[in-house]
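Visitor: Just so you know, we're using the numbering used here here: the sequence shown kicks off at 187 and counts up by one.
It cannot be assumed that every hint is accurate.
[Claimed, not checked] Straight line, CA to CA, 30 Å or less: simulated DSBU-like cross-link-like pairs of lysine-lysine: (1) K687 - K712; (2) K459 - K687; (3) K712 - K673; (4) K466 - K384; (5) K384 - K410; (6) K470 - K519; (7) K595 - K754; (8) K712 - K634; (9) K225 - K290; (10) K673 - K519; (11) K466 - K519; (12) K519 - K459; (13) K322 - K410; (14) K459 - K470; (15) K459 - K634; (16) K519 - K410; (17) K634 - K687; (18) K687 - K519; (19) K673 - K634; (20) K687 - K673; (21) K384 - K519; (22) K225 - K264; (23) K673 - K459; (24) K290 - K264; (25) K470 - K384.
Hints in this document: simulated from the structure, not taken from any laboratory.
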Amino acid sequence: MMPVRRLIGSIARGVLLCLLMELTCAAAPAIERITLNFKNVGIRVVAQAVGVMTHTNFIIDPHVQGRVTLFSNAPIDKGAVYAAFLSMLQVQGYAALPTGAFIKIVPATEASRLPGYALVPSTPVDAWATVVVTLKQVSPAQLIPFLRPLLSSEAQLIDVPASNSLILSDRAGTVHRALDLIQQLDHRTEPPDVVPVKYASASAVAQMISTLLQGSSSGQAGVKLIADPRSNTILLTGDPAARRHLHTLIAQLDTPTTAAGTQVIYLHYAQAKDITTQLKAYAKSLGQSAIVGTGVGTSIVESASIIPDARTNALIVTAPPRVQQRLRSVIAKLDVPLPQVLIRTIEAELSNSRSAQLGVTWVTDKAGLALTDFSDTGPGIVDLAESAAGGTGISGIAIPQGLSLVFGKINGRNGYTGLVNALAGDADTDVLSTPNIVALDNQEADIKVAEQIPFVTGQYTNTGGGGSTAINPFQTVQRQDVGLELKITPEVNSDNTVSLKVDVEISALSGSSIGGQPVTDSRVIKTQVLARSGEIIVLGTLLSDNLIENAQQVPIVGSIPLLGNLFKYRSTTDTNDNLVLFIQPTILRNPQDSEDYARTHYDETRNLERAHPGGVNLMPGEPRPVLQPWPQAPPETPVPATPTHSPPGAPLPPAKPPLLLQARAL
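Please build the complete structure, drawing on both the sequences and the hints.
Guide: What follows is the structure in structure tokens.
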């Protein structure tokens with residue numbers, strides 16, 4: 187029995203040893219190679235597992251959330267596990283960044299602000315890396331347009347002009363590809379050839395050669411031509427040998443000519459007669475600076491003839507081709523639509539006047555005649571007494587305004603009479619006018635709202651021979667405008683501001699007269715201001731406060747308290763004037779702005795007409811004239827390249843739209 191037990195124990199120990207050896211053999215590879223199998227697992231759990239597998243410590247940003255799937259069909263080593271983990275983070279929009287003994291997991295948008303991995307050949311392609319690239323031949327601004335489309339949306343590409351460097355922050359694989367591209371582009375290229383064209387048009391020559399080279403299989407097809415109309419030159423880039431061939435071709439095409447052609451140039455916006463003088467001066471300067479050699483020892487100066495045609499708003503230009511080309515270029519820049527400026531003005535005038543008069547005049551015949559009278563008080567007690575003595579009553583006396591109270595009685599030598607005059611006045615004036623006007627840029631606009639008041643400047647009477655009969659009497663009258671006149675010249679600036687040259691004159695009748703002639707009050711403002719489009723500014727203000735106190739009294743007696751008021755005449759006038767002038771310029775840069783302004787005022791006028799429905803008084807059945815609704819704008823068509831005025835033989839333009847004012851049936 188004992189041998190059998192020993193045999194069984196030996197066999198068991200052998201089997202156990204083999205099992206331990208198999209487990210050891212199987213566990214040893216598991217430490218070096220790992221099979222991944224994460225399906226819809228939280229990203230934080232995956233990070234924790236990868237940290238255990240790769241012996242890496244992670245710090246996870248609170249914003250890192252979500253569930254991921256990560257698996258491998260075969261066992262992989264620890265390096266591949268970490269690389270797969272970085273790729274998984276890249277797909278989810280996160281990045282891993284080293285920080286000492288830890289790895290930070292943050293959103294990719296924040297990665298460019300933190301230090302990344304050192305860029306070495308063994309750096310995983312999805313690791314975040316930041317490099318500084320110093321350029322040698324080209325500037326960073328030249329490379330950024332080519333590099334930006336190749337980088338990820340979270341990448342950072344910063345230009346450092348001071349050191350001619352680029353700071354690039356992105357995934358390591360993308361950074362390696364960008365560095366290869368920078369190395370290929372950072373080399374010196376030959377500068378382009380600048381070929382001056384003396385006689386022909388550079389644009390026409392370049393277009394002709396480009397058309398010739400299209401579809402060419404030779405090396406010249408890779409040459410690029412760019413014409414500069416300003417300097418009348420052609421820029422050539424490409425193979426040096428092909429450039430030399432094109433130099434010869436350009437020289438053959440750029441031949442002098444003295445033949446002057448005639449062209450008719452139609453204008454769309456500018457007036458032909460307004461720009462002719464400037465164009466003639468420019469053509470003269472071209473002729474003086476360009477001498478065409480004839481090859482026989484003589485020279486001909488290029489000249490031009492420019493004739494404006496007001497009927498068709500066109501220019502008849504006779505000049506050599508070179509001069510015509512220059513003139514066309516200048517005309518194209520001058521014949522542009524000018525912006526319009528809507529100018530709103532507000533004149534607000536507030537006036538308040540208060541007055542008071544109080545006085546007493548006396549007359550008595552007791553112990554002789556005594557009386558009091560004061561100047562500028564209207565008819566006094568003496569006038570009333572004389573009128574009563576003459577039996578005419580008060581019919582011939584201009585009774586003053588206010589209260590005129592007569593008391594007392596004259597009876598022989600024992601009578602007295604007094605006259606009390608009292609008047610209080612209070613007047614308020616509120617004048618508001620809002621003239622609006624639309625003006626072209628740099629064009630003066632004038633609006634006048636006034637009345638013509640006649641002023642007598644002289645008179646003449648021719649008497650007859652006997653001197654008793656006047657014949658042929660006449661007067662000379664000059665009419666003067668009284669009201670508001672506004673002259674404005676706007677100048678539109680590039681920064682959406684308007685310079686305004688303003689001349690405003692406001693005149694009105696003062697209500698008084700001198701020598702029978704009316705007196706006018708005038709306020710004039712001449713200034714130049716700068717305002718933003720739509721801004722309201724104050725051009726000027728007039729604030730006045732006039733207080734006039736007048737007192738007349740009898741000496742000594744008039745100074746007695748209380749009793750002295752019976753021997754005084756007092757008047758007080760207090761006038762307050764407040765005149766303010768506002769202005770608001772608004773730039774109308776396109777037809778839509780002009781239409782909106784016109785439609786607003788059109789609708790306001792139509793609403794005022796519709797506010798008075800019904801027929802015409804005393805004319806039953808007669809309709810009131812009323813504006814029709816604002817017409818719908820026709821579909822916008824592109825501006826043709828043909829001139830504004832069609833040449834002879836062209837089809838007639840479409841008929842004009844119907845009138846907006848509704849016609850009444852006759």
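Visitor: Are the hints correct? Go through all of them and say.
Guide: Against the structure, the hints:
Restraint check: the Cα-Cα separation between K687 and K712 comes to about 8 Å, which is no more than 30 Å; the hinted pair holds. Note on K459 and K687: the hinted pairing holds, with a Cα-Cα distance of about 25 Å set against a maximum of 30 Å. For the suggested pair K712 and K673, the alpha carbons sit about 9 Å apart, so the restraint of at most 30 Å is met. A C-alpha spacing of about 21 Å is found between K466 and K384, which places the hinted pair at or below 30 Å, so the restraint holds.
This hinted pair checks out: K384 and K410 have alpha carbons roughly 20 Å apart, not beyond 30 Å. Under the criterion of a C-alpha separation no larger than 30 Å, the hint pairing K470 with K519 is consistent with the structure, at around 19 Å. Taking the CA atoms of K595 and K754, the gap is about 21 Å. The hint holds against a cut of 30 Å. For the proposed pair K712 and K634, the alpha carbon gap of about 16 Å is at most 30 Å, so the pair holds.
Annotation: proposed proximity of K225 to K290 holds, straight-line Cα distance about 23 Å (limit 30 Å). Among the hinted pairs, K673 with K519 is consistent with the structure: their alpha-carbon atoms are about 29 Å apart, no more than 30 Å. Proximity of K466 to K519 is assessed by CA-CA distance (about 16 Å); at most 30 Å being required, the pair is judged to hold. A C-alpha spacing of about 16 Å is found between K519 and K459, which places the hinted pair at or below 30 Å, so the restraint holds.
A hinted pair counts as satisfied when its Cα atoms are at most 30 Å apart, and K322 with K410 qualifies at roughly 26 Å. This hinted pair checks out: K459 and K470 have alpha carbons roughly 18 Å apart, not beyond 30 Å. A C-alpha spacing of about 28 Å is found between K459 and K634, which places the hinted pair at or below 30 Å, so the restraint holds. Proximity of K519 to K410 is assessed by CA-CA distance (about 27 Å); at most 30 Å being required, the pair is judged to hold.
Of the pairs offered as hints, the one joining K634 and K687 holds, with about 17 Å between alpha carbons and a cut-off of 30 Å not exceeded. Restraint check for K687 and K519: satisfied, since their Cα atoms lie roughly 26 Å apart, inside the 30 Å limit. A hinted pair counts as satisfied when its Cα atoms are at most 30 Å apart, and K673 with K634 qualifies at roughly 9 Å. As the CA atoms of K687 and K673 are separated by approximately 8 Å, the hinted pair is consistent with the 30 Å bound.
For a cut-off of 30 Å, the pair hint linking K384 to K519 stands: about 22 Å separates their Cα positions. Distance check on the hinted pair: K225 and K264 sit about 19 Å apart at the alpha-carbon level, within 30 Å; holds. As the CA atoms of K673 and K459 are separated by approximately 24 Å, the hinted pair is consistent with the 30 Å bound. Between K290 and K264 the alpha-carbon distance is near 19 Å, which keeps this suggested pair within the 30 Å criterion.
A hinted pair counts as satisfied when its Cα atoms are at most 30 Å apart, and K470 with K384 qualifies at roughly 17 Å.
This entry satisfies every hint, going by the numbered hints stated previously.
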